[in-house]
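Student: The chain contents come next:
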Amino acid sequence: MFKYFEPNKIFSITSKAPKYVLFLFIIFISIGLTEALILSPEDYKQSHSVRIMYVHVPAAWITLGIFASMTVLSIIGYIFKIRNFFLISKSLAPSGFVFIIIALVTGSIWGKPTWGTWWAWDARITSMLILALFYLMYLLVWRLYKNQDKIFKISALITILGIINVPIIKYSVDWWNTLHQPASINILSKSTIHPTMLLPLAIMTAAFALFSLLIFLMKYNTELIKIKNKGLDRL
Amino acid sequence: MISKVLFMDGYGLYVWSSFAFTLLSFFLLFVVTKIQYARERKKFIVKFGNLKSEKASFAKSQSINKQILSNTSGF
Chain Z
223 MFKYFEPNKI FSITSKAPKY VLFLFIIFIS IGLTEALILS PEDYKQSHSV
273 RIMYVHVPAA WITLGIFASM TVLSIIGYIF KIRNFFLISK SLAPSGFVFI
323 IIALVTGSIW GKPTWGTWWA WDARITSMLI LALFYLMYLL VWRLYKNQDK
373 IFKISALITI LGIINVPIIK YSVDWWNTLH QPASINILSK STIHPTMLLP
423 LAIMTAAFAL FSLLIFLMKY NTELIKIKNK GLDRL
Chain W
111 MISKVLFMDG YGLYVWSSFA FTLLSFFLLF VVTKIQYARE RKKFIVKFGN
161 LKSEKASFAK SQSINKQILS NTSGF
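If you read the sequences in order, they're chains Z and W.
Going from the first sequence to our numbering is simple: count from 1 and add 222.
Going from the second sequence to our numbering is simple: count from 1 and add 110.
Okay, chain Z solo, but in the shape it has when bound (with noise of 0.2 Å):
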């Protein structure tokens, strides 16, 4: 099955692909901003400040997305060892990293009019911080260390503490008295956020997600060529 995964076969793909996904990024982030910054009503407490939800609560479902896709990717990888998944997992960490700090600027812009504050050491904003320390970490492997398979495993060993706190930070609300208010959408059960607000976050995630692909594919391909350039070296 893991043959279906060399990168000679994807870059085909992979190459052509970042130019369609960028039309349609444009597409979904140009009615996404409409939809948040103009169409969208104002919460009955929060007022205007609730719009910064449709950019906050994507890059946080994103980033959480993607370091859990890196774990996974960085086990695999590990275990049946395929080059190519830590290829994969190194070209999400980017958007990934970028994501978290979107979450945690914004968040920290939507506490000053909400809580009064610009920041607090509660359970939810904590253990955020502590993904982002592990993100950077995971990017700081692969620019210091010069030796592969030190490479792979260390940046495996990372991914399996930090998706530690992934949980952490989903039901950080639920175990703590924190700041944050609980989910308001859920799979298994009612969202209790309204549908005229729902439909802005859902074209968000969708363009993030969207935003987050084009960055991986280019990434990737950035990885590809310069594997390709060593290559060259040794003919």
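Hints listed in this document are in silico derivations from the structure and should not be mistaken for laboratory results.
Going by beta-carbon spacing under 7 Å, a handful of chain Z positions derived as facing chain W: (1) Phe233; (2) Val320; (3) Leu454.
Reference listing, derived: stretches of chain W covered by chain Z, where coverage requires no fewer than 3 residues with Cβ under 8 Å from a Cβ of chain Z: (4) 118-127; (5) 158-172.
Straight-line Cα separation of at most 20 Å, EDC-like style, residue types lysine to aspartate or glutamate; simulated pairs: (6) Z:Lys334 with W:Asp119; (7) W:Lys176 with Z:Glu445; (8) Z:Lys267 with W:Asp119.
The beta carbon of each residue, even a glycine, is placed where N, CA and C say it ideally should be.
Given chain Z, work out where chain W should sit, using these hints.
Tutor: Just chain W now, with coordinates in the frame of chain Z:
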């Protein structure tokens, strides 16, 4: 209408700065990634150009090398 969208009952600064930070981060990440891609591809083309004819034809037999040279991604 325009002033309502801009000022948002006093929350405009918070809302617009959040969206501006997000879009600026997107733009910077896109530009940096694009520069890295272009740099690696340029390096590849230069190295490929310096290959002797037999080595170049061997390298060109790999489809991935042909695709890199033809820049099908459009980026």
